[in-house]
Structure formats: structure tokens, C-alpha cells
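**Student:** Listed below, chain by chain, are the residues.
Number of protein chains: 2
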Amino acid sequence: MPSAAKDPYSSLREELYRVYLLKTTLGLLDWDQQVNLPRNSADLRSEQSSLLAALHHDAFTSRRVEKALDAMESINSPSGNDQSVVTRLVRRDFDRAKRLPRKFVSEKTEHQSRSYHAWAMARENDDFAYFAPYLEKTLELAKEESALQGFDRNPYDYHIDIHDPGLNAEKVESLFSALKAPLTELVGLLIDSQAESKPELFRGFPVSHQERFALLVTEKMGFDYSRGRLDRSVHPFCAGDGSDTRMTTRFDPDNPLDSLFSAVHETGHGLYSQGLPRDEAATPLGEAVGMAVHESQSRLWENQVARGRAFWRHFAPVYYKYFHEQLRSVSDDDFYLAVNHVSINPIRVDSDEATYNLHIMLRFELEKALFDGQLSVRDLPGEWNRLCLSIIGLEPKNDTEGVLQDIHWSGGAFGYFPSYALGNMIAAQLWYRVIEDIPALESNFAEGDFAPLLDWLRKNIHRHGRRYDTEELVKRATGKAISPEPLLRYLRERYLPPYT
Amino acid sequence: MPSAAKDPYSSLREELYRVYLLKTTLGLLDWDQQVNLPRNSADLRSEQSSLLAALHHDAFTSRRVEKALDAMESINSPSGNDQSVVTRLVRRDFDRAKRLPRKFVSEKTEHQSRSYHAWAMARENDDFAYFAPYLEKTLELAKEESALQGFDRNPYDYHIDIHDPGLNAEKVESLFSALKAPLTELVGLLIDSQAESKPELFRGFPVSHQERFALLVTEKMGFDYSRGRLDRSVHPFCAGDGSDTRMTTRFDPDNPLDSLFSAVHETGHGLYSQGLPRDEAATPLGEAVGMAVHESQSRLWENQVARGRAFWRHFAPVYYKYFHEQLRSVSDDDFYLAVNHVSINPIRVDSDEATYNLHIMLRFELEKALFDGQLSVRDLPGEWNRLCLSIIGLEPKNDTEGVLQDIHWSGGAFGYFPSYALGNMIAAQLWYRVIEDIPALESNFAEGDFAPLLDWLRKNIHRHGRRYDTEELVKRATGKAISPEPLLRYLRERYLPPYT
Chain A
1 MPSAAKDPYS SLREELYRVY LLKTTLGLLD WDQQVNLPRN SADLRSEQSS
51 LLAALHHDAF TSRRVEKALD AMESINSPSG NDQSVVTRLV RRDFDRAKRL
101 PRKFVSEKTE HQSRSYHAWA MARENDDFAY FAPYLEKTLE LAKEESALQG
151 FDRNPYDYHI DIHDPGLNAE KVESLFSALK APLTELVGLL IDSQAESKPE
201 LFRGFPVSHQ ERFALLVTEK MGFDYSRGRL DRSVHPFCAG DGSDTRMTTR
251 FDPDNPLDSL FSAVHETGHG LYSQGLPRDE AATPLGEAVG MAVHESQSRL
301 WENQVARGRA FWRHFAPVYY KYFHEQLRSV SDDDFYLAVN HVSINPIRVD
351 SDEATYNLHI MLRFELEKAL FDGQLSVRDL PGEWNRLCLS IIGLEPKNDT
401 EGVLQDIHWS GGAFGYFPSY ALGNMIAAQL WYRVIEDIPA LESNFAEGDF
451 APLLDWLRKN IHRHGRRYDT EELVKRATGK AISPEPLLRY LRERYLPPYT
Chain B
1 MPSAAKDPYS SLREELYRVY LLKTTLGLLD WDQQVNLPRN SADLRSEQSS
51 LLAALHHDAF TSRRVEKALD AMESINSPSG NDQSVVTRLV RRDFDRAKRL
101 PRKFVSEKTE HQSRSYHAWA MARENDDFAY FAPYLEKTLE LAKEESALQG
151 FDRNPYDYHI DIHDPGLNAE KVESLFSALK APLTELVGLL IDSQAESKPE
201 LFRGFPVSHQ ERFALLVTEK MGFDYSRGRL DRSVHPFCAG DGSDTRMTTR
251 FDPDNPLDSL FSAVHETGHG LYSQGLPRDE AATPLGEAVG MAVHESQSRL
301 WENQVARGRA FWRHFAPVYY KYFHEQLRSV SDDDFYLAVN HVSINPIRVD
351 SDEATYNLHI MLRFELEKAL FDGQLSVRDL PGEWNRLCLS IIGLEPKNDT
401 EGVLQDIHWS GGAFGYFPSY ALGNMIAAQL WYRVIEDIPA LESNFAEGDF
451 APLLDWLRKN IHRHGRRYDT EELVKRATGK AISPEPLLRY LRERYLPPYT
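Protein chains in written order, with our numbering: chain A, 1 to 500; chain B, 1 to 500.
Rather than coming from a laboratory, the hints here were simulated on the basis of the structure.
Treat the hints loosely; a few may be bogus.
Intra- or inter-copy, both count: the list cannot distinguish identical chains.
[Unchecked claim] The calculated DSS-like cross-link candidates involving lysine-lysine, where the alpha carbons are at most 27 Å apart (straight line), are:
1) 23 / 103
2) 6 / 108
3) 397 / 180
4) 475 / 459
5) 103 / 6
6) 103 / 143
Use the sequences and the hints to build the structure in full.
**Tutor:** Structure below.
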């Protein structure tokens with residue numbers, strides 16, 4: 001081999017870096033669409049994004065990537081070292097991308113965009129029938145994609161796996177059924193027993209103060225604003241990677257806790273992104289393992305940390321300084337009750353952290369049935385309402401607050417919902433492990449020191465990237481398989497009197 | 001020819017559209033860099049931009065564009081019709097792009113981004129030596145580019161031409177020398193004769209009010225906010241095209257007029273962008289002819305319009321309502337004096353519209369000398385200070401308010417500065433033509449009606465895109481060659497007593 005030849009791993013990394021630049025550019029187009037785009041500029045943006053998506057796909061499935069992979073595989077490096085992990089994971093992604101014909105990809109992209117608009121319209125007019133044919137087609141394409149990937153007999157599993165590598169419907173089912181009965185019982189108990197919260201106390205919080213407080217809190221949590229931002233959007237989200245992490249929240253003068261917890265939640269995502277190995281940003285070692293783990297990070301900060309007494313022991317004095325006027329008639333107990341209020345609500349995103357999981361189980365049942373062929377799209381609204389009553393205990397007034405409430409299915413994101421509840425389970429499981437490892441953790445919080453928690457997460461979760469699949473990562477971090485028990489324990493400790 | 005074959009013009013337009021999508025994506029990366037980018041995320045951005053610039057270059061210089069151009073040229077359509085104008089201009093751009101090797105383009109883009117950050121750092125620390133090696137490299141690349149384009153003997157001309165097609169150093173020199181003596185005399189006269197302005201009267205203008213007033217004014221001027229935005233950046237600018245026009249300004253509580261005139265200025269640019277034929281966005285017929293004409297639009301709105309009595313006859317009552325407190329002790333005359341104050345200032349962007357042109361002459365002399373090889377980058381700060389004293393009449397205290405003040409050279413934008421003074425000349429020339437064509441123009445302004453002016457500009461400037469070169473466009477719009485006379489007349493009428 002001539003001495004000037006690049007070693008195969010450098011070649012692979014170089015190709016992946018080019019793919020990464022296209023992916024992050026596409027990410028910026030999307031962020032900008034949600035944060036800045038003028039209302040009549042959407043056509044140009046969708047054409048820019050669709051071109052960039054095609055360029056990204058072409059770059060990743062190129063002959064050069066394939067050759068670099070082949071070369072790496074012929075080396076046969078020891079399994080478990082960085083090179084072999086990267087090669088194995090990129091090969092999996094590459095093969096999956098290759099199995100989708102270009103025509104299928106562009107048909108899917110085009111359909112998704114039309115389906116999104118149909119969903120938005122249907123939701124506005126509470127008209128599921130208008131959306132139904134689009135959803136039928138989306139489901140058909142999703143099944144076709146599963147078949148193309150070799151999941152013909154268990155098509156739903158493929159969609160779970162792309163969100164959380166290594167998981168499938170059976171594993172999710174088993175976790176959810178262990179959670180369901182005790183959670184339902186618990187929710188009933190605490191709805192009956194909790195003192196009345198007074199949301200009407202939280203009115204007229206100036207947005208500029210809210211924003212300053214959110215920046216203060218999230219910076220204290222450890223978010224590096226020299227490599228990230230906090231902006232505003234209708235639906236809070238976190239985009240970008242560790243080189244440029246872009247979080248958003250929304251500010252409502254009459255709902256300051258929602259704004260704050262949204263910011264804290266997205267900061268949990270942002271800290272994960274910033275904790276991934278930046279040198280490996282373009283390889284699987286620098287990517288998040290999946291949505292459940294991502295969600296475990298946001299939920300842990302939002303729920304275990306920011307709804308806890310220790311957190312507020314530090315921040316309450318500052319909060320009361322910022323909002324002296326507004327909080328004049330709010331007692332400490334009122335405040336804590338507002339932070340930890342449980343109520344049955346038809347809307348998933350407005351739900352508290354306990355009942356939220358019931359919303360996910362509902363969607364999981366429906367997705368399973370849709371993929372099994374036991375449920376048709378036509379019968380979906382009726383089945384939604386029936387299951388909603390049986391699982392959550394109420395029936396939506398209409399389809400807009402029922403089957404049409406979520407954006408996910410409009411874009412074909414089946415298999416995504418389970419990640420939310422799995423994230424809640426993993427968050428609680430990590431929490432009990434970390435307070436075991438660091439007994440002083442909550443006294444640290446009370447002093448405004450969140451670094452010990454962040455360091456633990458960096459070491460046990462963030463730094464691994466996609467090296468381990470979801471289940472193995474949790475097992476390595478906590479010593480145990482994923483289980484609903486820690487979540488149940490946490491909810492009991494948090495919500496059943498005496499409050500902790 | 002088989003009936004399914006696309007006609008050659010449609011093929012050309014299709015290719016150009018793809019190029020346009022890449023160009024506008026690159027534009028968004030740049031806008032975001034100036035408005036949003038976290039300070040430590042610059043490396044990723046410069047790599048993204050460099051890749052997109054290369055993809056843009058590849059797409060534009062592709063075999064497919066060449067074939068479409070060849071096909072169009074073989075048709076030989078009547079000169080002057082849209083198809084032949086587009087073909088001629090795209091061929092010019094194509095040949096120029098082809099002459100730049102891919103490696104050169106990506107090296108240049110990447111260097112620009114790094115150089116920008118070096119300049120920002122140097123400026124902050126008043127440390128020209130830190131920036132010097134970057135600037136040397138930039139100048140070297142600029143000369144190399146001129147040579148690649150066949151301008152080896154007159155490298156500066158190439159850089160003037162890319163900003164203002166058809167112009168060169170000799171033509172600029174001749175216009176500037178006709179302007180210099182009478183302008184210098186005039187500035188001396190009016191500095192001696194003007195009443196004292198009281199800038200200290202303008203203090204403590206809340207930024208949120210300023211922003212609302214700026215939105216009101218710029219919307220009234222005709223800017224379409226459904227396809228555009230006004231954001232904040234350190235240096236005001238206008239980016240994007242008519243599909244998504246992004247302007248910025250800056251807000252200073254103690255300098256509200258600067259903020260306002262910056263917004264008005266950028267809106268002049270924005271209105272030009274929005275007035276270009278949107279169906280032709282991807283062809284030269286939908287592009288601005290050059291920077292001098294662009295600047296004539298911003299200057300006309302900023303100076304001839306927004307510094308005039310008629311404009312304030314409409315807006316002063318609203319302004320006094322927004323800033324009742326702050327303006328309590330400001331008389332009408334004080335106000336008008338503040339709007340039209342002339343003073344010698346080392347900073348170009350803080351200068352009044354009269355002395356501003358002297359700043360440009362200084363930069364033109366230096367650029368000429370840098371390209372001639374008569375001046376080295378090392379000697380630039382000294383020469384700046386010497387010329388500044390001789391042309392403007394003062395010496396900067398340090399390099400930050402001297403040679404480091406402008407962003408342009410950091411990005412390799414040589415040949416751009418002359419456009420500003422040319423823009424001032426053209427603005428005045430258009431102004432005298434438009435008030436001849438529309439005698440009621442200023443009474444329209446006083447009633448808050450700016451549509452007649454915008455319509456005139458749409459018809460005489462905007463709708464032509466790049467159909468005519470700078471000089472021909474001005475001649476068609478005003479009936480006369482570009483001349484410094486209207487600018488001198490305007491400055492005398494505006495600034496010498498009795499004020500008009």
C-alpha cells in the first residue's frame with residue numbers, strides 16, 4: 001500500500017463527516033422553520049429541505065461510504081473497540097438506508113408533507129374523516145418500509161427499533177403491563193387524596209422576567225450557552241447537536257410553571273447533546289442512543305430534579321425575588337402543590353407526569369392494533385375514545401382533543417410514543433441509582449450545585465453515544481434491567497402524602 | 001425531437017432553480033451566523049458553509065447547466081428578450097465560476113469564515129497584528145481570483161465589477177474626483193455654519209418601544225412582513241431574497257435615531273429584494289443588478305425620505321406619542337437638527353450622509369494601493385491614519401476606530417466600498433427624477449402614503465432585475481449618466497441654511 005494512502009478508518013470518518021455537515025445543515029433549516037420562518041416563506045423552505053434531504057441520503061448511501069465500510073470490515077478489528085463499534089453501527093444504518101429505493105423515499109417524503117397539512121386542517125375543523133385517507137396511506141407506507149427492512153411478520157417492531165435500538169413490541173408490552181395496574185391504582189388514589197391546587201394564583205408573570213429566570217436556571221443546570229441557545233417556539237423542542245444546541249420554550253404570562261418546566265425539560269435534552277463526545281459528532285459514538293434515553297434525560301431534570309423540594313430550596317428565593325408581586329399570596333405549600341399537581345386531562349402534552357404514562361399506553365395499544373391489522377384507520381377514533389375511557393378514565397369531547405391531538409402520526413412517526421413512557425421509567429431508575437451513588441446529591445441541589453448529577457450522567461450515559469443499545473446502557477448505568485418499579489416508587493414518594 | 005423532451009429554456013430554469021435552492025440555503029447559514037450563532041459554534045458553521053458553497057459551485061458549474069446553456073445559445077433568440085438576457089448573463093456567471101477551481105472556492109470560503117472571527121477578536125482587543133496574516137491571505141486569494149478571471153493587470157477592476165457590473169476603478173476614480181473637492185468644501189462650510197445639535201436629549205428610549213416604532217415605520221414604507229423579518233445584530237444588514245427577506249438593526253436606548261435610520265436603511269434594501277420579480281428568483285431577471293443600485297435604494301429611503309420634513313410631518317406625532325417622556329424637552333428644531341446633524345467622526349457607519357462619502361474615498365484609495373502592490377497589509381494601519389487625516393480631517397485614536405472598524409475586508413469583500421458612495425450619488429439622482437415625475441410625492445409622505453414612491457421604484461428599478469448593468473439602469477431611470485451633481489445639490493439643499 002502506498003504510504004500516502006489514507007487508513008480506512010480515516011476515510012470512513014471523512015465520509016461520515018461530510019454526511020454530518022449535511023445533516024446538521026438540514027437540522028438548521030428545520031429549526032429556523034419552527035423558530036423564525038415568515039408565514040408566507042414556507043414553500044421555499046420545504047424545497048430547500050427536500051433538496052438537502054436528498055443530498056444527505058445520496059452522500060450517506062454513496063459508493064465511497066460503502067467502500068470505506070468494506071475496507072473496515074476486511075480488517076476485522078477486535079469487537080468492542082471504537083473502530084469496530086462504529087463500523088457495525090454505520091453498516092446497519094447504511095444497509096437500512098440502501099434498502100429503501102429512492103422512489104420510495106421521495107414518495108414517502110412527499111406524502112408526509114401533504115399528510116401534515118391534512119392533519120393540521122382536520123384538527124382545526126375537528127374532521128377526522130378528512131385526515132383518514134392520508135393516515136391510511138401513511139400506515140401502508142410504514143408497513144411497506146418494515147417489509148423492505150425484513151420486518152414483514154412484525155412490522156411494528158421495526159418502527160420501535162428505529163426509535164430505541166434493540167427494543168420491540170413484546171418487550172414494551174411486558175414493561176407497560178407491569179406498570180399499568182399499579183399506576184392506575186396510584187393515580188386514582190392521589191386524585192382523591194391531593195389538596196386542591198390553585199392555578200389561578202399564577203397570573204401576570206412578565207415574559208422578560210420569566211426568560212431571565214429560565215436562563216439562570218438552565219445555566220445553573222450546566223447548559224453551555226457558548227455552544228447553544230434558548231429561543232421561543234409554539235411547541236418546545238431541542239435541536240442541533242453538541243456543537244450548536246438549540247432549545248426552545250414558550251412563555252405564557254399566565255402559566256409560568258409550564259414555561260419553566262418546558263425550558264428545564266429541553267435543557268435535559270440539551271445537556272445530553274452537549275455531553276456526547278464532540279470529537280465523535282459525525283460517528284455513532286457521538287450520537288444519542290435513542291429516544292427513550294433522550295427522554296430519560298429531559299424527564300429526570302424536569303421531574304426528579306426540578307419538581308423536588310431541594311431544587312426549590314435553592315431557586316425559590318430567587319423566584320420570589322423575580323416575581324415578588326405575583327407571588328405575594330402564594331404560600332410555600334400552594335407553590336409546591338402547583339409544581340406537583342395531578343389531574344385527568346384528555347391532552348397528553350398538558351398532562352402531569354403520572355397520568356402521562358397512561359396516555360402513552362393508549363397510543364401503544366392503538367399502534368399495535370393498526371400494525372397487526374386488527375384495527376382499521378376508519379375505526380380508529382371510536383377505538384381511541386373507548387380505550388381512553390378505559391385506560392385514562394374519561395372520553396374526549398371530540399376528535400381534536402382525541403385522536404387528532406398529536407402531530408406524530410401525521411408525519412409517519414409510529415413507534416415513537418413508547419419512548420416517552422420508557423423515558424419516564426429510565427429516568428426514575430437512573431435517579432435511584434444516582435442518589436445511591438451520591439448521597440449528598442439533594443443537599444448539593446439545595447446549595448445550587450447541580451454538577452455532581454451532571455457529571456454522573458456524563459459518565460454513565462452521555463459519553464457512551466450509541467455504543468450500547470438502550471437496554472444495555474441502562475443495565476450498565478444502574479446494574480438492573482429496565483423496570484417500571486423505580487417509576488412507581490418515585491411517583492408514590494413524590495405524590496402520596498406525606499410529600500417528600 | 002420527441003414530444004416529451006423538455007424545451008431548453010425550461011431545462012435551464014430547472015437547473016438554475018436547484019442552484020438557487022443551494023444559494024439561499026447558504027444565505028440562511030450566513031444570516032444565522034450573524035444573528036444567532038453561539039460564540040463557540042463557529043467552527044461547525046464555517047465547515048457547513050464551506051461544504052454548501054462547494055455544492056453550490058458544483059451545481060452551477062455542472063455539465064447539465066453547460067448543456068442547457070449550449071442548447072439556448074444554439075437557438076439564437078432575439079437579443080433583449082428574457083430568454084436571451086438570461087442566457088447571456090448566466091453564461092457570464094458560468095464562465096466566471098468555471099474559471100475558479102473547486103479547491104480554490106472551498107479554501108476561500110473556509111478562510112473567510114476564520115478570518116471573520118479573527119477580525120472580530122482583533123477588533124475587540126485593538127490588535128491589528130492578530131488580524132494581519134488573515135488579511136494578507138485574503139488579499140492574496142483576491143488577487144489570485146482576479147488573475148484566474150483574466151484581470152491580471154487590473155486585479156482591482158474585477159472586484160469592482162462583481163459588485164457593480166460594468167464599472168471599474170477608472171470610472172469610480174473619475175466620479176470620486178469630481179465629488180471630492182466640492183464635497184470637502186461643503187462639509188467644511190456646514191460644520192462651521194450648523195446650529196448645535198443636542199444628542200444628549202436622546203436618552204433612555206426603551207428598546208421595546210423603539211422596536212415597535214421601527215416595525216410600524218417599515219411596514220408603512222411597504223415592507224411585507226409575511227415574507228420577511230426584522231431581527232437584531234451587531235451590524236445591521238439585509239439578507240435573503242424576496243421569498244424570505246431578513247433585515248436586522250440594532251437598538252440603543254441612548255441612540256434611538258441611529259436604530260431607526262438603520263432599520264429604515266435596511267428596509268430600503270428589503271423593498272428592493274421584495275420588488276424583484278419573484279417568478280424569476282432563480283434567474284438573473286430576479287436578482288439585484290449590483291451593490292451601488294442596492295445601496296441607492298437604502299440611501300434614498302434613509303436620507304432623501306426619512307431625514308426629510310415631510311416624513312416627519314407624518315411620523316413625528318406618533319414618535320412623540322411613543323416617547324412622550326423622553327422627548328419632553330426636545331423642540332421641533334432640535335429634533336430636525338438631530339436628524340440632520342453633520343460632524344466629523346472616525347467611524348464610517350456613525351457618520352452623517354455628507355462626510356460618509358469621504359470615508360468611502362479613503363477606503364477606495366487604500367484598496368487601489370493594496371491591489372497595485374503599492375501598499376502592504378503591514379503598512380495599512382499607518383496609511384489609514386495618514387489618509388484619514390488628509391481626507392476626513394482627523395486621526396483615529398486606535399485601530400479599532402480606524403482600520404479595524406469595518407467587517408468587509410475580513411470577508412474578502414474588496415471593491416464593495418465604492419458602491420456606498422455610488423449608491424449615494426444614484427439615490428440623489430433618482431430622487432430628483434422621482435419628484436419631477438410625481439410632484440405630490442412629499443405631500444403624500446406627509447399623509448403617510450409612501451406607495452407612490454415605492455411604485456415608481458418598482459417600475460423603474462426593481463422589476464428589471466439584472467437586465468441592465470448599473471450605468472444603463474440609472475440612465476434609463478433618470479435619463480442621465482451617473483453623476484455626483486445631484487448628490488451635491490441634495491446635500492446643499494438639505495444642510496445649508498435655510499434648511500428645506
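**Student:** With reference to the structure, classify each hint as holding or not holding.
**Tutor:** Consistency of the hints with the structure:
In this assembly of identical chains, the alpha carbons of residue 23 and residue 103 lie at most 27 Å apart whether taken from the same copy (18 Å) or from different copies (22 Å). For the identical chains of this complex, residue 6 and residue 108 are inter-copy neighbours only, at 25 Å across copies versus 37 Å inside a copy, given an alpha-carbon limit of 27 Å. Taking the shortest alpha-carbon separations for residue 397 and residue 180, only the intra-copy value of 24 Å comes in at or below 27 Å, while the best inter-copy value is 74 Å. In this homomeric assembly, residue 475 and residue 459 come within 27 Å of each other (Cα to Cα) only inside a single copy, at 14 Å, whereas the closest approach across copies is 69 Å.
Only between protomers do residue 103 and residue 6 lie at most 27 Å apart by alpha-carbon distance; the minimum there is 19 Å, versus 33 Å within a single protomer. In this assembly of identical chains, the alpha carbons of residue 103 and residue 143 lie at most 27 Å apart only when taken from the same copy (16 Å versus 45 Å across copies).
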